[in-house]
Amino acid sequence: MNAMTLAAEETSLSEEKVAASPEELDRLVFQRMYYLKTLYELTAELSPITSSQKLLESFLLMAMGVNGSSQGILMICDRQNRRVLSASRGTNDRDWSVESAEKHLYRGFQAAENRRLASMSVTFIGNPQQVFSVIETGLDVHTALLFMVDDSILGVVGLGAPIDGRDFTLEEKDILSGMTASFMVFLKNVRAYETVQELNADLSSTNDALRKTIVELTEARQQIRILEVAGIRLKQLFQQKIEQVGRFRAVDVLVILVIASLLSLLFNFSNPNGITLLPQEALREPASQVDAQTVQQLLGKGDTVLVDARPSELFNLSHIPDAINIPAPLFDIIYPMKLASRLQPGQAVVVYGRTFSKRYDEEVAYRLLQRHDDVRVMTGGMDAYEKQGREP
Amino acid sequence: MTGSWMKIAVTHPILGLLLRIYIGAIFVTASMYKINYPGEFAETIAGYQIVPFWGVHIIALILPWTELICGLMLVLGLRTRAAAVLAGLMLVVFCVAIVVTLARGIPIGCGCFTSVEDPLSWKTLLRDILWLAMTVQIVLFPSALQLEDRLLLSLKEVEG
Numbered sequence: 001m002n003a004m005t006l007a008a009e010e011t012s013l014s015e016e017k018v019a020a021s022p023e024e025l026d027r028l029v030f031q032r033m034y035y036l037k038t039l040y041e042l043t044a045e046l047s048p049i050t051s052s053q054k055l056l057e058s059f060l061l062m063a064m065g066v067n068g069s070s071q072g073i074l075m076i077c078d079r080q081n082r083r084v085l086s087a088s089r090g091t092n093d094r095d096w097s098v099e100s101a102e103k104h105l106y107r108g109f110q111a112a113e114n115r116r117l118a119s120m121s122v123t124f125i126g127n128p129q130q131v132f133s134v135i136e137t138g139l140d141v142h143t144a145l146l147f148m149v150d151d152s153i154l155g156v157v158g159l160g161a162p163i164d165g166r167d168f169t170l171e172e173k174d175i176l177s178g179m180t181a182s183f184m185v186f187l188k189n190v191r192a193y194e195t196v197q198e199l200n201a202d203l204s205s206t207n208d209a210l211r212k213t214i215v216e217l218t219e220a221r222q223q224i225r226i227l228e229v230a231g232i233r234l235k236q237l238f239q240q241k242i243e244q245v246g247r248f249r250a251v252d253v254l255v256i257l258v259i260a261s262l263l264s265l266l267f268n269f270s271n272p273n274g275i276t277l278l279p280q281e282a283l284r285e286p287a288s289q290v291d292a293q294t295v296q297q298l299l300g301k302g303d304t305v306l307v308d309a310r311p312s313e314l315f316n317l318s319h320i321p322d323a324i325n326i327p328a329p330l331f332d333i334i335y336p337m338k339l340a341s342r343l344q345p346g347q348a349v350v351v352y353g354r355t356f357s358k359r360y361d362e363e364v365a366y367r368l369l370q371r372h373d374d375v376r377v378m379t380g381g382m383d384a385y386e387k388q389g390r391e392p
Numbered sequence: 001m002t003g004s005w006m007k008i009a010v011t012h013p014i015l016g017l018l019l020r021i022y023i024g025a026i027f028v029t030a031s032m033y034k035i036n037y038p039g040e041f042a043e044t045i046a047g048y049q050i051v052p053f054w055g056v057h058i059i060a061l062i063l064p065w066t067e068l069i070c071g072l073m074l075v076l077g078l079r080t081r082a083a084a085v086l087a088g089l090m091l092v093v094f095c096v097a098i099v100v101t102l103a104r105g106i107p108i109g110c111g112c113f114t115s116v117e118d119p120l121s122w123k124t125l126l127r128d129i130l131w132l133a134m135t136v137q138i139v140l141f142p143s144a145l146q147l148e149d150r151l152l153l154s155l156k157e158v159e160g
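From first to last, the protein sequence lines are chains A and B. Residues 1 to 392 in the working numbering are what the first sequence lists, from first letter to last. Residues 1 to 160 in the working numbering are what the second sequence lists, from first letter to last.
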């Protein structure tokens, strides 16, 4: 039943009573004032509250104050969202399950004075003790109200017996109905506010997630850009390498020469047939020298043997008359055959034969010096000797 | 028509491959004796009377190894052009040396493969010029089965 309807009915009832007696009129006016004052106080109390739970607790306290009950419970079941809100006073707070809440509400409906409950309407429950057993609620319910906020939200208020033990008066029930009706308006507002808050929180978290995603995307974009640049560089590098492969490069020739030099030196070091970097003749002390003119004089006296140290091919091409050809590689074979047998004691040996590329004379002179004391190298070689010969 | 066929034949990668292996093998073979007996090779170099006496041994050591590396690179197809250019340069030097020696009338052996060989002649020069022409073909035109082609292929794959 709507509070306004109740009030209207009460007013029409009062009008009948006004006609009856002036005392009754005073009492009715006082009642009405009390009714309005209570509603005003309720409004003042509930209007700053923004939480459903606090609203429930405040309303229960005020409802208990109507007839001075020391105990009370208030339970709301949101069937759509499967949630139960409850408040209690003077009894243990109970944790309602949705099933248990629905069971009690169903029982309440069965015992309701008005079973066809509409939205934002209130009805008293006929036999509250049966609906709310003491064992289940921990409370001896004296008066109970069933209310429907909308199709999905139903609630029940249960109050214990007043302190003085008397029953609720009709006026008190009227006030309780009015208060519950106001409470429903506040509840609806608070729930709307809470929904807005939740939506705002959702929106805020969504915004946060979105911001984070944007940051991540920006970072990803930067990474992609870096990768793209790296990719382009790699591609350029590959193209460069591809172009280089198969093309002639001077540096390759240099590398081959360096490797060949290193390997040759390394191998020569361990090669049993290895050679020195410079010819031995360049490293040794040169043999004592004699000029072509002196050689000619010595040869004339017959005190000297002339040795041509060049390879036989060059010797065969041209040589000084009477010279013996002893090339260094064949020294050990030719020396005993051609020179050792012919050389008289006291005779000197003069060696000649060198080119731009090799000092054959020094090489053979060195070997001869192992066997003879007087070994000399003719300066100027064959050319100087022949030139000397042509001069008068 | 004949001209285009000639061009195809001369620039054919298979010809490049054959010449590469032939020249490479000659260089490898030529280097073997010289590497083992550098003293004898030094005598041969001195016989040409072109290198100053202090440089004969150094050249006798390095030249055979250069021949060996170039020869191997030509056979394998590794940095073919660089190896062919270097081989060509060596052949040019050999040709110049032969011409100078023949002109001077110095009777020495070639010393190209071993120290004991027939005396230098215009035939030797002709042979070296023929080898030089082959290296020119290798430098100018691509040849088949090059080791670097494999690398090139994988690089192209990566790029693709």
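None of these hints come from the bench; they were simulated from the model. It should be emphasised that the depicted structure is a prediction, and the values quoted were computed from it without experimental measurement. For glycine and all other residues, C-beta sits at the position ideal for the given N, C-alpha and C. Please note: incorrect hints may appear among the correct ones.
Distance windows between CB atoms, simulated [unchecked claim]:
{"id": "1", "chain 1": "A", "residue 1": "V258", "chain 2": "B", "residue 2": "T11", "range": "28 to 38 Å"}
{"id": "2", "chain 1": "B", "residue 1": "D118", "chain 2": "A", "residue 2": "P272", "range": "23 to 33 Å"}
{"id": "3", "chain 1": "B", "residue 1": "L130", "chain 2": "A", "residue 2": "K241", "range": "41 to 51 Å"}
{"id": "4", "chain 1": "B", "residue 1": "L140", "chain 2": "A", "residue 2": "S318", "range": "43 to 53 Å"}
{"id": "5", "chain 1": "B", "residue 1": "M6", "chain 2": "A", "residue 2": "P321", "range": "55 to 65 Å"}
{"id": "6", "chain 1": "A", "residue 1": "T218", "chain 2": "B", "residue 2": "L140", "range": "47 to 57 Å"}
| request: Taking the numbered hints from earlier one at a time, note which ones the structure violates and give those numbers from smallest to largest. | output: 3
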